[in-house]
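Peer 1: Given chain R, put chain P in place with the hints provided.
Number of protein chains: 2
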Amino acid sequence: MSKKFVFMFNEVEAAEKYVGNDWDKVRALLGGKGANLADMTRAELPVPPGFTVTTEACNAYLAEGEKFPPTMWEQQLEALKTIEKMTAKNFGDPTKPLLVSCRSGAKFSMPGMMDTVLNIGLNDEVAAGMVGLTGDERFVYDSYRRLVQMFGCVVMNIADEPFEEVLTEARKKAGVENDSDLKASDWKAVVVEFKKIFKERTGRDFPQDPIEQIKLATEAVFKSWNGKRAIDYRNAAKIAHDLGTGVNIVTMVFGNMGNSSATGVAMTRDGSTGEKHIEGDYLTNAQGEDVVAGIRKTKPIEELKIEMPQAYGEFDAICQKLEKHYKEMQDVEFTIEKGKLWMLQTRDGKRTAQASVRIAVDMVAEGVITKEQAVLRVTPEQVDFFLHPQFNPETKKAAIAAGNRLATGLNVSPGAAVGQVAFDADLAEKWAKEDGKKVIMVRPETKPDDVHGMLAAQGILTSRGGRTSHAALVARQFGKPAVVGVAALEINMAKREMKVGDRIIKEGDWISIDGTMGDVFIDQLDTVVPDIKDPYLIKVLGWADEARRLQVWANADYPVDAKRARDNGAQGIGLCRTEHMFFQTERLPHVQKLILAKDKETQAEALEALLPFQREDFAGLFRVMDKLPVIIRLIDPPMHEFLPGHEVLTEEITDLKIRLIKDADSLKEVNKLLHEIQAKESMLTAVESMHEANPMLGLRGVRLGLHLPGLTRMQVRAIFEAACQVAKEGIEVHPEVMIPLTSHVNELKMQQTALEEEAKKVMAEQGKNVDYKFGTMIEIPRAALTADQMAEYAQFFSFGTNDLTQTTFGISRDDAEKGFLIEYMERKILPENPFASIDEEGVGKLMDMAVKLGRGKREGLEVGICGEHGGDPKSVFFCHKIGLNYVSCSPFRIPIARLAAGQVALIEKGFKK
Amino acid sequence: MSKKFVFMFNEVEAAEKYVGNDWDKVRALLGGKGANLADMTRAELPVPPGFTVTTEACNAYLAEGEKFPPTMWEQQLEALKTIEKMTAKNFGDPTKPLLVSCRSGAKFSMPGMMDTVLNIGLNDEVAAGMVGLTGDERFVYDSYRRLVQMFGCVVMNIADEPFEEVLTEARKKAGVENDSDLKASDWKAVVVEFKKIFKERTGRDFPQDPIEQIKLATEAVFKSWNGKRAIDYRNAAKIAHDLGTGVNIVTMVFGNMGNSSATGVAMTRDGSTGEKHIEGDYLTNAQGEDVVAGIRKTKPIEELKIEMPQAYGEFDAICQKLEKHYKEMQDVEFTIEKGKLWMLQTRDGKRTAQASVRIAVDMVAEGVITKEQAVLRVTPEQVDFFLHPQFNPETKKAAIAAGNRLATGLNVSPGAAVGQVAFDADLAEKWAKEDGKKVIMVRPETKPDDVHGMLAAQGILTSRGGRTSHAALVARQFGKPAVVGVAALEINMAKREMKVGDRIIKEGDWISIDGTMGDVFIDQLDTVVPDIKDPYLIKVLGWADEARRLQVWANADYPVDAKRARDNGAQGIGLCRTEHMFFQTERLPHVQKLILAKDKETQAEALEALLPFQREDFAGLFRVMDKLPVIIRLIDPPMHEFLPGHEVLTEEITDLKIRLIKDADSLKEVNKLLHEIQAKESMLTAVESMHEANPMLGLRGVRLGLHLPGLTRMQVRAIFEAACQVAKEGIEVHPEVMIPLTSHVNELKMQQTALEEEAKKVMAEQGKNVDYKFGTMIEIPRAALTADQMAEYAQFFSFGTNDLTQTTFGISRDDAEKGFLIEYMERKILPENPFASIDEEGVGKLMDMAVKLGRGKREGLEVGICGEHGGDPKSVFFCHKIGLNYVSCSPFRIPIARLAAGQVALIEKGFKK
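Each protein sequence line maps, in turn, to chains R and P. Remember, the working numbering sits 350 above the position in the first sequence when you count from 1. Remember, the working numbering sits 350 above the position in the second sequence when you count from 1.
These are calculated hints, taken from the structure and not from any lab test. You may find that some hints are simply not true.
When chains are identical, the list treats them as one kind, so a pair holds in a single copy or across two.
To be verified - Calculated cross-link-like contacts (lysine to aspartate or glutamate; reagent style EDC-like; alpha-carbon spacing at most 20 Å):
1) Lys-565 to Glu-424
2) Lys-1195 to Asp-1138
3) Lys-1099 to Glu-1191
4) Lys-1099 to Glu-1173
5) Lys-1202 to Glu-1191
6) Lys-700 to Asp-631
7) Lys-1178 to Glu-1142
8) Lys-655 to Asp-881
9) Lys-546 to Glu-366
10) Lys-354 to Glu-744
11) Lys-948 to Asp-799
12) Lys-797 to Glu-1038
13) Lys-780 to Asp-859
14) Lys-950 to Glu-1173
15) Lys-948 to Asp-774
16) Lys-948 to Glu-1173
17) Lys-856 to Asp-785
18) Lys-1168 to Glu-1038
19) Lys-523 to Glu-550
20) Lys-1099 to Glu-1176
21) Lys-647 to Asp-631
Chain R with its partners taken away, still in its complex shape:
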């Protein structure tokens, strides 16, 4: 039996059977549009008769050197006959003519492919017949001229311009402004001219045989799958190239048959806010393309309710039915032909993050989906949306309505940015830094040399490149909103301007870019920060909390951060970086005194001065985190970070010496300057003696704790004095002391032993015992490799995946993220930035080993992660899988981590969205 390449819309069960009852595969076979038309037909919705030629046919056609596969055309002819029977009309029959549209439809919605050819089946004879049947000569020749132009441009690749010139000439001749004012006779003349153009450009007459029209249109759809724009788009959007497109042949219904006819598009809910009401636009007496072309002013869907109440009622019921069926907000196209409603398309509707969250929650309330489905439907990126400034939805709608949306490209880095256009990196940097301007850097594409400009800019816009282009990678890296690959944008570096069509933007002009949606606007749009306290978001996160096994803790150094973290749902502090406290103005002198101390006494003095500060820092944290664990990391960075830089000091000394020579005019002044010079020089000596070739791998972390034992002892004293004091206030404290950068168990053993002794001493002094733990970071490969030994001492592990990634890869993050790492991602050497998402094969392998080794030695060992990966959804999934107890991330990212942790738990249990 020959393969089935054609499915009628009413053969959806056959299609399901053909692929083995998997709706996803039906969509792959018929394309999204065809599958949904078939599905609506099954649901007895009013879909015009039609059929789909499968994606398999397309792939076979392309594979066989642009030849239809055996029997495909015969099946298609058979299907056309069936349509004739169903409609009681016939192709090319002037007495009962059958017209159809031909539309492409792949599994994923995809610009760049052949769109639509309407009115197929019209020819000279049929047109004449239709005039008789409808009595509407204008309608018939308007339809005919549309067919010739669409067929010419879309199927035969003729340029638009000659057709447009004819229309311009026609309007001039008739003395009218708009096409709608042209008469039947004008259109009739246009058709003649159009057919001449067709002949000139293609060397053949416009095909009068409807069957030949269909055949050519089908081939054109197939070929468009491999068109340059389609391939570019698939590359950018990471869509596989072997999916192929389906071809949908649908009986024409006419919205342009007078005032009881209409055509429109609608969404079943508000795409901006998610509110539950139908939103859309329509035109009376028009064909579909008129609605989207924006030539005529459309009417809001509410008016249809008044204008055609019965049709609207039917439409509203269908919308509800579709939503229940697809369990998703739908985006539909419809036509009303002389009062009769027809559905021409339905698909999942695009929406903002806010709308997405609200719709998911509402649908749970409506009983359409389950809580688990709602959790799985909201994406971490949508939660991320709530953290960045976005354009005010109203302003944005207005801008679109005013035609100020210049173009749309790839939404590669979320957020809204407003600024003046600068066409090179140096200028962008100069304007931003020296002139305090807000800049959008615009380039055809970016290169490593451009990074300084990109960092100075508010946002980045390029005309070329895809999701992994240099511009996209750098933008995401540094959180800059970006839109790339805006093909419509022509940049003229010589003229320092860019244009889209005939709209010109000069350097210095204001634009606004929406990295979340990929839109580029003229002018300055308002921005707002969405509300993280959105009640719908809170609801979804609550459901995620019910599902998740992984706890979510926060990285927070100050009480104010801890408070925010707790408000956002943190269940503990996973990382408090104590050294941040040392940089504060009133403390730094003591820290420097400690570093420069030549004897134990001076050291002890400095430490004593620092103790009360640290104690208060910790007391504040403990109060906020009542009943929850607080992990405090002992000092980590190298000491020289607390001293001025070498160059700064050298310059200061030179300046002082010049002043001494030139300006000092009293002995007192001379002495004062000499004293200052001496102090700076002794500081310089200290800085020089602390210089390290590779400070990342130097004297820091536990190494420093062992080298300067008084410092960490002071920190532990501060922690336990604070803990006891706060505990006496009636607050429940759970301090956990974390020793950083261990690589050998002896480091941990020696440091922990000494510090635990100090802790016990403090508790004895205070006459109060508190619950505590001592543990270590696992951030050096050797610590992971010997985690069984580490677990003999450590009561908890916390993965420091920033450092662990640096050492496992042998990459210095600060250097690489502005340099070769970007190049690596552009060239696909690395699939993604390992500092953004955990490298599961390498770093992850070490983490997995460490968890197993650690728990093998100490059952129930508490293990978490406090690197920045803790707020990355993909990494959260991984942490769940290797059995961590918690992820710890920035207070802002807690909602994202909560959602991701819930999702992975649900997926593990087999839930689907």
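Peer 2: Okay, now just chain P, sitting in the frame of chain R:
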């Protein structure tokens, strides 16, 4: 039955049975001295009757609060009775008096414990009796005064001085210079004075009861195990503290009973050269302590042959017998009492590295030991000896004979050093750097602040510290000869002088230190470099070669190094560092041009200029390494290493600008200076743009190869052009191209694919195919963790353990080895320097994983090591165990690696030394 604490010398079988027939355990039980005395007794050698109180008794005594364990003393009394029976003499019996010596003896020879008390059993009554029996009053009272002094000092802890004062007074009174000129009456008077001192200092009379003498002496030996000096020594020499010492009670025989009596020490072979002849010294009519005290001039052993031919003949035969029995050169003590030879001790003799090697080889020829034993007996340290300057053995002997050996300490870092004494680091550095002096830095102990002086010095000497002291660690780290822990040395920093006894050395005086043996000499000794072509060494290495499974390759960059490596036995080049070639004067400008190039053309020009140089480099290597593999590593270091430093450039620019302002007096001159400034400034910009915070983890290795693809392509072209050219000369070439610093398989894949293409292109051009491999270094943890992926492309792995250790530990070697790593070893946080010996638990675990993963994917994958660890014996052992194919090391260390590789293979097969 009660425990056996005492073994007669003729009860060796009982001792063996007691410990389960393990000679090592017999030595542990009886101590080395006791075990060998018993062993000689069994061999029917003339050993005076005696017994050993076991180390178990000592441990029990110390454990029980200095109380003899039950029945021990009774057993000892029983043993004394047995001696009385065997000798037909009795303790305290003036008519047939029995005298004994009491000597300590632990498993390992150990200074710091109680040495020897001779003549135990003498008292007033016995002395009087002995005079009657021997008719030699002088001998008797000389013996008696020795007992009182030795017993007083050694057993009762009286200081030496009061006794010495009495002797000085006695000599003065008698008007003689030497003790040997004192008469019987003088000694009789001395005994009276000595007994007075004894009474004064101890509050009791000198014990007249011989049994009490023995009891007190036994206790004194036990207690000395825990004396401060003994504990210090054990700490320094890494000897366990729970071994305990044995006590040997031996019947006295007298070398001081007239001219048919003598006493001496000898070695069965020459301890310096290893030649086979007895070497030793003796004194006629003397007691043992006279020989070692150096007061009387000893006679060479050859004279004994003439003086007492019969005794000598017997002695010679015994020496041969002992050697055959112990299969080792022996160090013996003997006494001839009235013509009768007695053996008092035998132990393995100390010898130089040269002697050790020769003796092992000779003993194989003599059929005493097997080749395998010879290989296992020579230590890698002894082979290392052949690589460093040593003192000329003749000069050294002469210096010792002349009494110029000032003192002996711990031999912590091998080699000979001669220099002027400097007592602080700053002076040492100043003298060495500014004044070009050779310096020995001398300190009580060293600290991190002293490192700059230590690095500037020829050698290091300290009075305190052990094998893991700061001084020892730094010295070994940087290959500086060092002697530490010279307790006899008193350093007076205030006077800037040091003294040993009454010999004073002032700052600036010359001394010589022997880090191999631990000796310190006054004056400048000659040094020589031992001959690595020593025929005995070559023999041993040949036997090691027969045994080993592991190949030994060399790290060599130039043909001259390759030649030396091949001469030393290298079986391939494991690492040729191509970038070294770039630093040569005529090449560096091209390299800089390449780095600074703004366009592809300039880059291509620079690469073209470098190509012929590289080609010649490789051609030379291939010629030398005919038939052997040559691994060439593509460029590794960051590019900025080829440019001048930031500070240098800044200074040069400032200078040029000053010249421009002050000196330029013609337009031509101004233009010239401006041009120079511009060039330097553009260089400075390049340097600044290449700055990296952590260059070790930066743009280097394969990252550079991918970033500047032309560079590695040029290198591969040079390799294959050279290979084809040399192959055409009839030489067999096996180039292996090594890609450094990979961390992700895609790096390797992309680089290797491009380069292999270039290689094939060159071979096609040249019309010649050569055997080649492409492979990668494994020097980043991630490469090891994903070695299975790497092996899909790499045809060989080479572990770069320097970098792998840096990244696995997160330690920057250059910074750490002068800093906290030394502190870590001092404080025993790290058991050893992981850059010297592979850290088996961490780095080694990764290596083992990588070998298994790599070979799991590619059977028979060639795996080696080219880090400096390849020349470290312990690391060689490890490399053998994890199944590497070869170790590659510096040409100089090849003999050490060959020996170690042979040893580990033999040990694996169960051979013992």
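Peer 1: Confirm or reject each hint.
Peer 2: Results for each hint:
no., hint, result
1, Lys-565 to Glu-424, "within (11 Å within a copy, 121 Å between copies)"
2, Lys-1195 to Asp-1138, "both (15 Å within a copy, 13 Å between copies)"
3, Lys-1099 to Glu-1191, "between (30 Å within a copy, 17 Å between copies)"
4, Lys-1099 to Glu-1173, "between (42 Å within a copy, 16 Å between copies)"
5, Lys-1202 to Glu-1191, "both (16 Å within a copy, 17 Å between copies)"
6, Lys-700 to Asp-631, "within (16 Å within a copy, 104 Å between copies)"
7, Lys-1178 to Glu-1142, "between (42 Å within a copy, 18 Å between copies)"
8, Lys-655 to Asp-881, "neither (34 Å within a copy, 108 Å between copies)"
9, Lys-546 to Glu-366, "neither (46 Å within a copy, 119 Å between copies)"
10, Lys-354 to Glu-744, "neither (49 Å within a copy, 102 Å between copies)"
11, Lys-948 to Asp-799, "between (46 Å within a copy, 12 Å between copies)"
12, Lys-797 to Glu-1038, "between (36 Å within a copy, 18 Å between copies)"
13, Lys-780 to Asp-859, "within (16 Å within a copy, 66 Å between copies)"
14, Lys-950 to Glu-1173, "between (50 Å within a copy, 18 Å between copies)"
15, Lys-948 to Asp-774, "between (52 Å within a copy, 18 Å between copies)"
16, Lys-948 to Glu-1173, "between (47 Å within a copy, 18 Å between copies)"
17, Lys-856 to Asp-785, "within (18 Å within a copy, 70 Å between copies)"
18, Lys-1168 to Glu-1038, "between (27 Å within a copy, 14 Å between copies)"
19, Lys-523 to Glu-550, "neither (23 Å within a copy, 145 Å between copies)"
20, Lys-1099 to Glu-1176, "between (44 Å within a copy, 16 Å between copies)"
21, Lys-647 to Asp-631, "within (9 Å within a copy, 123 Å between copies)"
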